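Start from the sequences and build out the full structure, keeping to the hints where you can.
If you read the sequences in order, they're chains A and B. 0 is the number of the first residue of the first sequence in numbering that gives the first Met the number 0; add one for each residue after it. 0 is the number of the first residue of the second sequence in numbering that gives the first Met the number 0; add one for each residue after it.
Honestly, the hints are just simulated from the structure, not real lab data. All of these numbers come straight from a predicted model, not from anything done at the bench. Watch out, some of these pointers could steer you wrong.
Unchecked claim - 25 Å max Cα-Cα, derived SDA-like pairs, lysine to any residue: (1) K43(B) to V138(A); (2) K5(A) to E70(B); (3) K267(A) to G36(B); (4) K49(B) to R146(A); (5) K129(A) to N51(B); (6) K43(B) to P297(A); (7) K43(B) to R298(A); (8) K54(A) to D59(B); (9) K49(B) to V113(A); (10) K267(A) to P48(B); (11) K35(A) to E70(B); (12) K43(B) to E259(A); (13) K49(B) to V67(A); (14) K267(A) to Q167(A); (15) K267(A) to D35(B); (16) K267(A) to D59(B); (17) K107(A) to R146(A).
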Amino acid sequence: MIERTKKFVCASDEVWRLQRGADPECHFFQTMIAGKAGALSGSHQGICIVTPGGKLLARRNSLSPDKVVSLIDTAWEKWVALPAEDQALAASPEAYRSIHRWENSFPKDGLALVSVLRDLPPAENSSTDKPTRWNRDHVWFNRNEARQWLPETIAVGSAHSIPIALAQRLARFHLVDNVRGQVGPFAREDIQLATFETTITAVAGNRVSLDIRGSTNADSDGVWKMGENDWKRFPNNPRTIQTELIGRATFDTEQQRFVEFEAAARGKSTGGVGLNGRRGADATGSIAYYLSLAPNTPRHRIAPAFIDVYDAPWVQAPPKN
Amino acid sequence: MTFGLILLLVTLPLPSVNAADRSLAARTLLGDQTLDGRTIDDWKRVVLPKENERAADEIDWIPSFSGGLEEAGRHGRPMLLWLMNGHPLGCT
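Listed below in C-alpha cells is the structure:
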C-alpha cells in the first residue's frame, strides 16, 4: 500500500472542522463533497482521493487494507482516464487557503511537546510484547508559560509548583483517557488535584536541569459544565482518572527555551464515554504516557485536540461569523 | 596534588545539608526517578510505538487539506487525503 501511495500527494486533516466550519478551506471541502458550501452531517472520516482541481475521484471509510488498496487503484484508474487538461486544472489557492487554523497558534518559541499514550495490559506491570492501542497528541505552552516551569531563583535545590492554569491544562486536556479514541475535556470543577513540582538539580552555564513530579485527579459526574463549544455535543458520562508523572528537562536561560524535556506518566481511569473504548461506569483503564519535545516538523505542529478550549489568551480563535 | 593535600580533602567534613538537599542529592546520584519501579527510559520503551505499529508514519503526509491541495496543484498529481475526527497525525 505504501508503494501505491507514492503516485499521490498524501495529506491528512481533521474532518470535523472541514465538514462544519465556515473558513474558505472548509467551504472548499464541503463543495467538493456535496456540491455546495454548508455544514455536512454524518461522518466524513476515511480516505478521499481528489484531483488538484478538487474533483472527487473516490472516497471510502474502511479499516480493511484490501478495501483501501482497491479504493486507491480505482481512483488511479479514474485519474489516468481523465483528459490531460482536466488533470492539469488546479484550483486557485485563493479559493481554499485557510484564514484560521489552530496551527496558526503554534508556540514556536515556547514549549511544544508530543504526548504518546498507550493502553497497558490488564495485568499490572506485565509485558507489553503484545501490541496494545496507542494514541498521540500535542501539548503546547507559549514562551511565558514555558518559563513558568522554572523557579524564580535559579539555584540547585530550588523547588517550585507550576502555576495552576498550566497544571489544569495538563489535567483537563492531556493526562486523560483518550488512548482508544476521543473523549471530552474535563471542566475546571472536575479537577480535584493538579500539582506539578519542579526542582533544579543542576546548573551548568546557561543550562538548568530540572526534575519534575506531578499528580492529577480528575472526576467528572458527567454533567456538562463548559458552556457552548463543539465538545458539548460529545458524550459526557461519569468518569475519573488519577495520574502520577515524573520528568526531567533542561532549560537554556540564554535561548529562554527548553532544549530537553522528557516525562512519563501512569494513569488509572474509571468510566468512559464509549467513543474512547470504555463503556459504562464499571469500565477501567490503565494508561502510560510519554511526553517529549515535539520535533521541528510540520506534522508535529498539529494543534492539541482540545486547543479550542485551552483558555489561553495567546491561542487565536476563529473569526466570529 | 600531594598526598598530604589529598588526605586533607578526604578528611574534611562535608558541608551540612538539609533533608531535602540530601534527598535531591541522593536522587541525582542514584540516577533517574522512578514511577511504579520504572525509569523514564523504561516507560519510553513501553509507550512508544514499535516500527510495525508506525507504518502510516512512513508516508510523508502534508498535515492539512489546503496544503495538500496546493502541493497536488504544484506537481499535477491527485491527492490522497486521510481524514479523521481528530487529526490522524494527532489525537483521533
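Each hint, compared with the structure:
no., hint, in the structure
1, K43(B) to V138(A), "17 Å, holds"
2, K5(A) to E70(B), "14 Å, holds"
3, K267(A) to G36(B), "16 Å, holds"
4, K49(B) to R146(A), "33 Å, violated"
5, K129(A) to N51(B), "12 Å, holds"
6, K43(B) to P297(A), "23 Å, holds"
7, K43(B) to R298(A), "21 Å, holds"
8, K54(A) to D59(B), "22 Å, holds"
9, K49(B) to V113(A), "16 Å, holds"
10, K267(A) to P48(B), "20 Å, holds"
11, K35(A) to E70(B), "23 Å, holds"
12, K43(B) to E259(A), "15 Å, holds"
13, K49(B) to V67(A), "23 Å, holds"
14, K267(A) to Q167(A), "18 Å, holds"
15, K267(A) to D35(B), "13 Å, holds"
16, K267(A) to D59(B), "35 Å, violated"
17, K107(A) to R146(A), "14 Å, holds"
Hint violations for this structure: numbers 4, 16, all remaining hints satisfied.
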